[in-house]
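Student: What follows is the residue order along each chain.
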Amino acid sequence: MKIKKNVATSENGFIFNPATGDSFTSNSIGSEIIEAMKRGESEQEIKSAIMEKYEVSAEQLNRDWEDWILQLKEANLLEA
Amino acid sequence: MSSATGTSMTIAVTGLNANDNPGPGVAVARALKEAFGTSIKIIGLAYEALEPGIYMKSIIDCTYQVPYAADGSAALLKRLLEINEQERLNLIIPNFDAELLNFIKIGPELRLAGIETFLPDAENLAQRDKLNLNNFGALNGFDIPESRQVRDINDLWAAAEALNYPLVIKGRFYEADIVYTFDAAQKAFYRLSSKWGLPVIAQEFINGNEINVAGLGDGKGNLISAIPMRKLYITDKGKAWAGVTIEDADLVVLAERFATATKWKGGFELEIIKSKESRFYIIEINPRFPAWVYLTAVAGQNQPAALVKMSMGEYVAPLTEYAAGKMFVRYSWDGIVDIADFQQFSAFGKI
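These protein sequence lines map, in sequence, to chains Y and H.
For the first sequence, this note's numbering puts the final residue at 153, and the numbers step up evenly by one.
For the second sequence, this note's numbering puts the final residue at 428, and the numbers step up evenly by one.
None of these hints come from the bench; they were simulated from the model.
Quantities reported herein were computed from a predicted structural model and do not represent experimental measurements.
Mixed in with the good hints, there may be bad ones.
[Said to hold, decoys possible] Not close to chain H: a few residues of chain Y, all C-beta gaps over 12 Å, as computed: (1) Ile76; (2) Ser99; (3) Gly103; (4) Ile123; (5) Trp138; (6) Lys146; (7) Glu152.
[Unchecked claim] Label-pair distances were calculated between CB atoms; the ranges are: (8) H:Glu398 - Y:Glu147: 30 to 36 Å; (9) Y:Glu147 - H:Leu202: 41 to 47 Å; (10) Y:Asp137 - H:Asp206: 52 to 58 Å.
[Said to hold, decoys possible] One-sided excerpt, in silico: chain H residues whose CB lies under 10 Å from chain Y: (11) Thr87; (12) Pro144; (13) Asn286; (14) Ile288; (15) Arg307; (16) Leu309; (17) Gly320; (18) Lys351.
C-beta: ideal position from N, C-alpha, C; glycine also.
Using the sequences and the accompanying hints, generate a full structural model.
Tutor: Dropping the structure here:
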């Protein structure tokens, strides 16, 4: 599950896909996750970091993660 | 720049109609002013007294009225030679599709008078014409939506049967309507044929993202520049009112294939639909810079400036780097003009 390398993000959650010209906004956690994905961190590493930083159950995080990946796919931001 | 452009240079441009269906002249002049500053003088060539560029004095130094394309190439040549006596033109960059053939025809006489042009030949111009686009695509391996020439209602009926709805009805030179019924197709046919003449073109509708590529060919088969732009806001006339440069190597390769296949000389624009299956359909090829060509300068490849250098005999290596994510957002602005300026241009054909 790799995010496209050239996807540009900003701290305030703005996401730009230079291959298509599409732009999106996410919240700050979304932006953090994209940055981590761009650094090549695994799903497990990212989830662990979120659980350390925020108060969230593993079950809730897994549900949100699935939803998140679905959104990235729909937005054409993941490598094929 | 070479000595020719290091010193003062005078360049004429047409297409000063910076309105809601804009010609590229003001954008071309702006890109040239940015590249060459005060070392160039921009002469506007206008057909009508209300072309906004005439009054944009920070970009267009001086404007002359020229005869309409329908008056023919001899009338155009006569007028340009008169203007040349006043201005000593080095180069003309025409920016309207409908005038290009006249400029191509008089190219040798202009050159004798010391005026360069940097244009495709008449054969190239005809190849990419809307009427010939399907043949061009078939010969050169480009995906082109199927289209039919429509001269009467029987043709229109047959085209609609063959191509289905939605259907794109296009004017001979400009404008297009997307229609969903035969009634709407008829209305579009009558409107567009009365405005732009026959034939009208019925084209298969392709669903997808509208992407344009501004390009520049050196006339020897090399692509000098290509900047892809995704339309972000489209007016009811189908014109991009906002757009963003995008990074897509396949689009640059497509532009390269076009420049190589045609040995295209000068600016061009590929209008493309990227389908859901990521196929690129060329819906139109414009034989000149687009109205958004200033974006090429901002993205790092100043196409008008590169054309000027090549027209002066300078070698320009293909430009390969550009910035994705550069946007343009057009806006309306009320330029204030003294009626005396309008009267001066209307009465004397010069301001």
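Student: A separate judgement is required for each hint: does it hold in the structure or not?
Tutor: Right, here's what the structure says about each hint:
Distance check for isoleucine 76 of chain Y against chain H: the nearest CB is about 15 Å away, which clears 12 Å, and the non-interface claim stands. Annotated as non-interface, serine 99 of chain Y keeps its C-beta farther than 12 Å from every C-beta of chain H; the closest such distance is 17 Å. With a closest Cβ-Cβ approach of about 19 Å to chain H, glycine 103 of chain Y is found to remain outside the 12 Å limit, as its non-interface label requires. Distance check on isoleucine 123 of chain Y: its Cβ is at least 28 Å (rounded) from any Cβ of chain H, clearing the 12 Å threshold; non-interface status holds.
With a least CB separation of 27 Å from chain H, tryptophan 138 of chain Y remains clear of the 12 Å interface cut-off, as annotated. Chain H leaves lysine 146 of chain Y outside its interface by the beta-carbon criterion, the shortest separation being 14 Å against a cut-off of 12 Å. Listed as a non-interface residue, glutamate 152 of chain Y keeps its Cβ farther than 12 Å from every Cβ of chain H; the least gap is roughly 14 Å. For the hinted restraint 30 to 36 Å between glutamate 398 of chain H and glutamate 147 of chain Y, the CB-CB distance of approximately 31 Å keeps it satisfied.
Evaluation of the 41 to 47 Å hint for glutamate 147 of chain Y and leucine 202 of chain H yields a pass: the beta carbon distance comes to about 43 Å. Against the hinted window of 52 to 58 Å, the Cβ-Cβ separation of aspartate 137 of chain Y and aspartate 206 of chain H comes to about 54 Å, which satisfies the hint. The interface hint given for threonine 87 of chain H is violated, since its Cβ lies 37 Å from the closest Cβ of chain Y, which is over the 10 Å cut-off. The beta carbon of proline 144 of chain H comes no nearer than 41 Å to any beta carbon in chain Y, farther than 10 Å, and the hint placing it at the interface is violated.
About 7 Å separates the beta-carbon of asparagine 286 of chain H from the nearest beta-carbon of chain Y, less than 10 Å, and the hint is met. Given hint, isoleucine 288 of chain H at the interface with chain Y, holds; its Cβ is 8 Å from that chain's nearest Cβ, closer than 10 Å. This hint holds: arginine 307 of chain H has a C-beta 3 Å from the nearest C-beta of chain Y, less than the 10 Å allowed. Hint status for leucine 309 of chain H: holds, given a least beta-carbon distance of 7 Å to chain Y, under 10 Å.
Hint status for glycine 320 of chain H: holds, given a least beta-carbon distance of 8 Å to chain Y, under 10 Å. Interface restraint check for lysine 351 of chain H: the shortest CB-CB distance to chain Y comes to about 8 Å, inside 10 Å, so the restraint holds.
The structure does not agree with the numbered hints 11, 12 stated previously, though it agrees with the rest.
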